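Novice: Protein chains in written order, with numbering that gives the first Met the number 0: chain A, 0 to 212; chain B, 0 to 466.
Keep in mind the hints are simulated off the structure, nothing from the lab.
The structure displayed is predicted, hence computed values, not measured ones.
Among these hints, one or two may not hold up.
Unchecked claim - In silico BS3-like pairs for lysine-lysine, Cα to Cα no more than 30 Å straight-line:
1) 284/B / 134/A
2) 420/B / 55/A
3) 6/B / 166/B
4) 284/B / 195/A
5) 166/B / 36/A
6) 134/A / 312/B
7) 212/A / 246/B
8) 51/A / 147/A
9) 363/B / 37/A
10) 284/B / 193/A
11) 164/B / 157/A
12) 80/A / 195/A
13) 284/B / 363/B
14) 195/A / 164/B
15) 273/B / 131/A
As the list claims (entries may be wrong) - Take a look, some chain B residues computed to stay more than 12 Å from chain A by CB distance:
16) 148
17) 173
18) 216
19) 249
20) 258
21) 276
22) 283
23) 295
24) 304
25) 328
We put the CB at the ideal spot given by N, CA and C, even for glycine.
Now for the letters of each chain:
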Amino acid sequence: MKSNSEGLIIDGVVAYIDRDNIDTDQIIPTEYLKSIKKFGFEDYLFDGWRYKDDGKLGITKDQRVIDENFILNKNPFNESKILLTRDNFGCGSSREHAVWALRDFGIKAVIASSFGDIFYNNSFKNGVLPIKLEKKEIDFLFDQTQQKVLELSINLQKKEINCGEKTISFHVDKHLIDRIIYGLDDVDITLKEKDKIFDFERTRIEERPWIFK
Amino acid sequence: MKTLYDKLWEEHHVTQLDSGESLLYIDRHYLHEVTSPQAFEGLIKKNLKPWRLNANIATPDHNVPTTRGNNFNSESITDEISKIQVVELDKNCNKFGIKQFDIESNKQGIVHVIGPELGFTIPGMTIVCGDSHTSTHGALGCLAMGIGTSEVEHVLATQCLKVSKLKNMNVRFEGEVDEHVSSKDIVLYLIGQIGTAGGTGYAIEFSGSYISSISVEGRMTICNMAIEAGAKVGLIAPDNKTIEYVKSKSFLDDDTFNHAKEYWKTLKSDDDAKFDKEITIDVSKIKPQVTWGTSPEMVLNYDESIPTVFDTKDENKKNVELARDYMGIENETKLSDLTFDKVFIGSCTNSRIEDLRQAAEIVKGKTIASNISEAIVVPGSGLVKEQAENEGLDKVFTDAGFIWRDPGCSMCLGMNPDQLKPYERCASTSNRNFEGRQGYLGRTHLMSPIMAAYTAINGTIGDPDEI
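Generate the whole structure from the sequences, applying the supplied hints.
Specialist: Structure (structure tokens):
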């Protein structure tokens with residue numbers, strides 16, 4: 000991400016995957032969930048589509064059979080920071096590893112017509128911005144990808160996507176995007192309310208004692 | 000005026016933050032080996048401890064081999080990487096003093112099976128776990144949802160979840176079902192109707208005469224798959240059946256239980272509660288359901304034809320084409336034309352005692368078809384396994400040619416050695432038919448335990464009434 004006088008910008012070439020319901024098992028298969036680390040998932044992003052062989056945790060990209068037809072293996076899309084896709088991206092399993100894999104690959108924004116609830120929530124905690132657009136806007140962007148190597152510029156403060164001839168506004172709750180802009184930590188924020196949590200808990204122990212047995 | 004979800008939300012609402020989000024107090028937090036190590040690491044880095052120790056219950060389930068036999072411990076796992084994760088859970092639970100039903104415990108099992116069965120899930124609770132199928136616990140009138148690892152750390156550290164309120168949906172199931180139709184068929188049918196994004200942004204309450212008529216275990220199957228309809232929360236108001244079920248599992252003394260019971264009876268949506276969306280489904284016309292593709296919404300009556308690109312709307316053509324290709328559907332026109340290689344009965348959706356009883360009823364006295372190379376039954380927990388063995392169900396299965404395993408998530412996601420080989424076709428009672436879900440290039444067809452048992456015997460999909 001870079002910053003200019005207009006605010007924080009994510010820009011560059013858009014990689015696109017034209018299908019609905021890309022579940023988190025596709026974003027990162029179960030095998031790689033055996034890792035106990037929070038980083039190092041870049042080689043396993045879209046593993047089932049990116050390679051022509053079965054992978055294992057610890058085996059890196061250069062030891063695999065690469066599917067040259069998959070978009071993230073093609074130049075210039077192998078360096079994309081923006082991913083365009085369709086409906087219900089990130090549905091299924093709650094694995095935060097899906098966001099970690101996108102982040103580690105270098106993806107900073109995902110544009111789709113809708114997202115799985117848990118994935119959407121996980122994204123903001125790891126600096127990946129999920130952008131929901133109307134289906135007709137998604138269609139427009141896909142049309143553009145068929146005509147040229149599409150480059151976009153996303154302004155986080157203005158909540159705008161600029162694609163040359165056209166500017167598309169998007170909505171995202173302020174508190175969510177602030178987490179990305181300022182890199183806020185939820186635990187720190189919540190612990191400022193420590194006293195309220197203690198008070199709530201004390202009352203609850205009296206009123207609903209069975210919960211605490 | 001309030002829905003059950005509204006009431007549970009208000010009951011647990013600690014405060015509203017400047018951001019507009021709310022802090023919800025979490026009563027119960029389940030942990031397993033896959034989504035917790037990074038959360039514990041975060042806790043340690045911040046020099047924090049779990050806020051309230053006895054809120055947390057842990058068990059290893061995703062990685063554990065199901066051929067453990069006796070004298071097996073965490074160190075016995077042969078997959079070195081899986082072993083590290085299970086051992087890490089042991090270490091973290093020991094370090095912080097969290098109660099764990101470890102791999103050696105006879106009460107170990109799939110986290111969503113052991114929670115209710117050991118009395119740790121009781122009505123009116125907020126429950127979270129780093130697993131999307133946490134919605135299962137909603138069947139007992141809980142506000143339960145899956146969370147990511149960052150949130151696991153957050154709940155450990157603060158006993159709260161930072162969330163915005165969901166919208167309310169009511170799905171009313173009315174009528175009576177045919178003999179071989181189970182709650183799995185009902186929820187698969189719903190997903191086929193509203194799609195895998197149909198419930199996104201909603202908490203779905205399931206209600207109606209059908210829900211009242213079924214057991215608590217059947218209700219768990221329905222809430223379990225709310226997430227496959229896009230809803231991270233599925234819930235059902237507790238009734239007398241729920242209270243009896245909870246009583247039979249409870250470790251509470253009688254006075255406390257009776258006190259709680261009075262409160263639990265208030266946990267229902269008001270008659271004039273306002274839902275943002277309402278759906279009514281007549282269950283009497285629903286036939287056994289089987290998925291054909293790579294999303295749970297690609298589901299059909301067992302006797303229907305598989306869609307082709309020619310009979311699909313433009314916007315969906317690509318999805319159908321990709322799914323047919325992955326599933327290896329070429330000349331087959333009907334589900335009954337497909338030949339199966341493996342059968343899996345298990346998972347947090349369908350591995351409880353009633354599921355095993357229903358499957359056993361079908362296979363009793365029969366033998367699995369010659370084209371089935373392997374059929375496995377994986378009980379959801381040590382206690383389910385023990386109960387099934389007491390009833391002789393293990394014998395019914397093994398006599399028919401099934402393999403009887405130790406508890407765990409197993410082939411639902413193939414994180415342990417139970418996996419499909421490339422291109423193998425599996426009749427599965429699990430919850431996801433995603434590409435590669437049960438093993439690299441494996442092909443999954445979701446169905447009920449009754450239909451999976453029938454497919455094992457028959458070798459292909461058919462009418463379970465005929466057996």
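Novice: All hints are to be evaluated individually against the structure, with a verdict given for each.
Specialist: For each hint, the structure was consulted:
1. 284/B / 134/A: 34 Å, violated
2. 420/B / 55/A: 15 Å, holds
3. 6/B / 166/B: 13 Å, holds
4. 284/B / 195/A: Between residue 284/B and residue 195/A the Cα gap is close to 51 Å, so the pair fails against 30 Å, i.e. violated.
5. 166/B / 36/A: The given pair, whose Cα atoms are some 35 Å apart, is violated under the 30 Å limit.
6. 134/A / 312/B: Holds, at about 16 Å.
7. 212/A / 246/B: 15 Å, holds
8. 51/A / 147/A: 27 Å, holds
9. 363/B / 37/A: Not OK: residue 363/B and residue 37/A at ~48 Å, beyond 30 Å, violated.
10. 284/B / 193/A: 53 Å, violated
11. 164/B / 157/A: Distance of about 25 Å is within 30 Å: holds.
12. 80/A / 195/A: 40 Å, violated
13. 284/B / 363/B: 28 Å, holds
14. 195/A / 164/B: This hinted pair holds, its Cα atoms lying about 20 Å apart.
15. 273/B / 131/A: 27 Å, holds
16. 148: 4 Å, violated
17. 173: 28 Å, holds
18. 216: 22 Å, holds
19. 249: 9 Å, violated
20. 258: 7 Å, violated
21. 276: 15 Å, holds
22. 283: Consistent with the label, residue 283/B stays out of reach of chain A, its closest Cβ about 30 Å off (over 12 Å).
23. 295: Residue 295/B not clear of chain A: closest Cβ-Cβ about 9 Å, inside 12 Å.
24. 304: Its Cβ never comes within 12 Å of chain A, the nearest being 22 Å, so this holds.
25. 328: 17 Å, holds
In summary, the structure is inconsistent with hints 1, 4, 5, 9, 10, 12, 16, 19, 20, 23 from the numbered list given earlier, while agreeing with the others.
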